[in-house]
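K.L.:
Same order as they appear, the protein sequences are chains A and B.
Okay, so the first sequence: first residue is 31 according to our numbering, each after it adds one.
Okay, so the second sequence: first residue is 113 according to our numbering, each after it adds one.
Everything labelled a hint here was simulated from the structure, so no lab data went into it.
One should not assume that every hint holds.
As the list claims (entries may be wrong) - Below 25 Å or equal to it, Euclidean Cα-Cα: the simulated DSS-like pairs (lysine-lysine) are: (1) A:LYS279 <-> B:LYS253; (2) B:LYS194 <-> A:LYS333; (3) B:LYS305 <-> B:LYS253.
As the list claims (entries may be wrong) - Cβ-to-Cβ under 7 Å is the rule here; a few derived chain A residues that face chain B: (4) ILE129; (5) GLY130; (6) ARG144; (7) LEU311.
For each residue, glycine too, the CB sits at the ideal point set by N, CA and C.
Single-letter residue listing:
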Amino acid sequence: MIDLFEIFLTAGFWAATIRIACPLILGTIGELICERAGVLNLGIEGIMTVGAMSGWMWVYQGGDLWTGLVFAAFVGALFGLLHSLFTVYLGLSQHVSGIGITMLASSLSFFVFRMMLPSSTTPPKIVPFKPIHVPGLSDLPFFGEALFSHTPMTYLCFAIVPVVIYVLYRTPVGLAVRMAGESPMAIEAQGINVLTVRTGAVAAGSALMAVGGAYLTMSAFDAFYFGMINGRGWICVALVIFASWRPGKALLGALLFAGLDALQVRAQQVAGAFIPYQFFLMLPYVLSIAAMVIMARRARYPKALLVPFRRGERI
Amino acid sequence: MRLEPRESTSVWLVLAAPILAIGAALMLSSGLVLWTGESITAAYGALLKGAFGSRFAVAETLTRATPLMLTGLAAAVAFRAKFWNIGAEGQLYCGALAATYFGTGLITLHPLLMIPLLFVVGALAGGAALALPVYLKSKLKVDEVVTTLLLNFIILLFVNYLLEGPWRDPMSMGWPQAAPIIDEGVLPRIMAKSRLHLGLIIAVISAVLIWLTMRFTVWGYEIRAVGNNATAATFAGISVNGTVLRVALISGGLAGFAGVTEVAGLKGYLTLDLSPGFGYAGIAVAMLANLHPLGVIVSAIFLAGIYVGADSMSRAVNIPNYIADVLVAASVLCVLVSLMLTQYRVKWR
Numbered sequence: 031m032i033d034l035f036e037i038f039l040t041a042g043f044w045a046a047t048i049r050i051a052c053p054l055i056l057g058t059i060g061e062l063i064c065e066r067a068g069v070l071n072l073g074i075e076g077i078m079t080v081g082a083m084s085g086w087m088w089v090y091q092g093g094d095l096w097t098g099l100v101f102a103a104f105v106g107a108l109f110g111l112l113h114s115l116f117t118v119y120l121g122l123s124q125h126v127s128g129i130g131i132t133m134l135a136s137s138l139s140f141f142v143f144r145m146m147l148p149s150s151t152t153p154p155k156i157v158p159f160k161p162i163h164v165p166g167l168s169d170l171p172f173f174g175e176a177l178f179s180h181t182p183m184t185y186l187c188f189a190i191v192p193v194v195i196y197v198l199y200r201t202p203v204g205l206a207v208r209m210a211g212e213s214p215m216a217i218e219a220q221g222i223n224v225l226t227v228r229t230g231a232v233a234a235g236s237a238l239m240a241v242g243g244a245y246l247t248m249s250a251f252d253a254f255y256f257g258m259i260n261g262r263g264w265i266c267v268a269l270v271i272f273a274s275w276r277p278g279k280a281l282l283g284a285l286l287f288a289g290l291d292a293l294q295v296r297a298q299q300v301a302g303a304f305i306p307y308q309f310f311l312m313l314p315y316v317l318s319i320a321a322m323v324i325m326a327r328r329a330r331y332p333k334a335l336l337v338p339f340r341r342g343e344r345i
Numbered sequence: 113m114r115l116e117p118r119e120s121t122s123v124w125l126v127l128a129a130p131i132l133a134i135g136a137a138l139m140l141s142s143g144l145v146l147w148t149g150e151s152i153t154a155a156y157g158a159l160l161k162g163a164f165g166s167r168f169a170v171a172e173t174l175t176r177a178t179p180l181m182l183t184g185l186a187a188a189v190a191f192r193a194k195f196w197n198i199g200a201e202g203q204l205y206c207g208a209l210a211a212t213y214f215g216t217g218l219i220t221l222h223p224l225l226m227i228p229l230l231f232v233v234g235a236l237a238g239g240a241a242l243a244l245p246v247y248l249k250s251k252l253k254v255d256e257v258v259t260t261l262l263l264n265f266i267i268l269l270f271v272n273y274l275l276e277g278p279w280r281d282p283m284s285m286g287w288p289q290a291a292p293i294i295d296e297g298v299l300p301r302i303m304a305k306s307r308l309h310l311g312l313i314i315a316v317i318s319a320v321l322i323w324l325t326m327r328f329t330v331w332g333y334e335i336r337a338v339g340n341n342a343t344a345a346t347f348a349g350i351s352v353n354g355t356v357l358r359v360a361l362i363s364g365g366l367a368g369f370a371g372v373t374e375v376a377g378l379k380g381y382l383t384l385d386l387s388p389g390f391g392y393a394g395i396a397v398a399m400l401a402n403l404h405p406l407g408v409i410v411s412a413i414f415l416a417g418i419y420v421g422a423d424s425m426s427r428a429v430n431i432p433n434y435i436a437d438v439l440v441a442a443s444v445l446c447v448l449v450s451l452m453l454t455q456y457r458v459k460w461r
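Isolated chain A (complex conformation) (with noise of 0.2 Å):
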């Protein structure tokens, strides 16, 4: 117990922290918008697969990182728009259509891997994000590693969430957001297309979902493998249900799930003697689902979730 109790005074824990919620901040916010605008995507296991996929791979050919990002980002928007396509305008069952473009987006990474990369054994690795040096504040004692000794797109994970929370409850765009995932008919009787606020919603939220994924080859490691996103997408899902559909909780939702993982992973090395790896491993999903339980009844979904709109046709 002596033993855990020290984890959380080493800096490396925090920091390892801070780097295993960034993918699932994006994730989570990117799936929060979604369903803000009243769709489920449950697109974003593969969404994150190709964000992952092919941001690496435009370093990889020799692409500059961050154009990688827009590039990742832009990706997911396509099949953003695809899903909002089946869903928005066709009006398609979302869990199905989600899931159909789940294994769209990671079978086109895959394929698209391999044909770019025939016979990689060892798979080839980019120059990833450097930390960077904080002038001062990386060297202070237990907070400049912790803190200060991260990649510049670390900190832009962490940045997007004010940006999110100013625009979705802030701005006219936001407000049409909110009350597409509520209310479609109460915009459209203002005169704002439900369809082209939902489309955008989902758009942009894939584009994150995306960038999320693509912290992982981009940051946190630097090669791509088949198995990398490994449910991470399902965990956001849970997190945003967890988080009651509030951006800040989904902050601090992802930062006390990531911080269970790093102690998880440092947990092992301490009583790993005594209990098999495998059920460290499982810990994640179990607490998600425990996550779920506990906010089940107080969550408050958005009314018109999974509701499809269709003018003129009543609800």
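Following the hints, put chain B in place on chain A, whose structure we already have.
P.N.:
The following block gives chain B in isolation, referenced to the frame of chain A:
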């Protein structure tokens, strides 16, 4: 653009829609084939030949179709009641775990009893894997999509633990695999010089039984009613929670069956790569069949053909076999659109 409901839909349209959709998916995917530099006819020809071109190919395709039929049925039954069970992969492994537990020497019976026993315990284990999601959905309104999905990862890690720990076969030369199923429990081959086993017949019978249940019994009626409109079903005196529980047990049980056919029919022992995503592919099978139990038989064979054919195609011509997954995903999305078009008409205005 506007969608207008059709007043009536002809049977021909409903039958033609999936076929046209799959044609469209093949056309879309041929862009990828062109990129590889191979000719489209050669590639699809190799795929077709690999899937159905010889007696051996047909046997391989039907062997692959067996678990897909069962996981496809699992998804079809659940989705009919709008119970989004995405956890067939985990339930399959639960079925396989139960078959391994009972089938590797714990009990020895005559094959006529032993094989049914394995299927019963496999189905129970598969259904039990859904107990938690159903409980959470009915009592706490926790979304079953995420719980069933996440349980897949948990169950797979548990299987991993058993195979690397207590259940590892000491005779397996260090490979993470369980002890073999005893001879009495192994499903007999139904075609000489092939791997095709009794599981196929069981899968087809299951499909017919599910169809009869869904079509002609009160249970089936209640399941369809809950899926079409849960509120109306409640007013009609149907217990929604009871129906969902029943659906979950049937769905999980069918996925458990798939685990039994793979362990006791195909492999003979439990491994970590027992299922290359049969649970997820089952969703595609069910969607291609428009959730019709008899349609599942056809669409499972079709999907198995794509997977088996793509493997042999990637050996014949230089195309990565991931094209199979692209084809399947594109087919699912195209069929989804085409089935919508059987109920709505597009008005360009």
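K.L.:
Check each numbered hint from earlier against the structure, then list the numbers of those it violates in ascending order.
P.N.:
3
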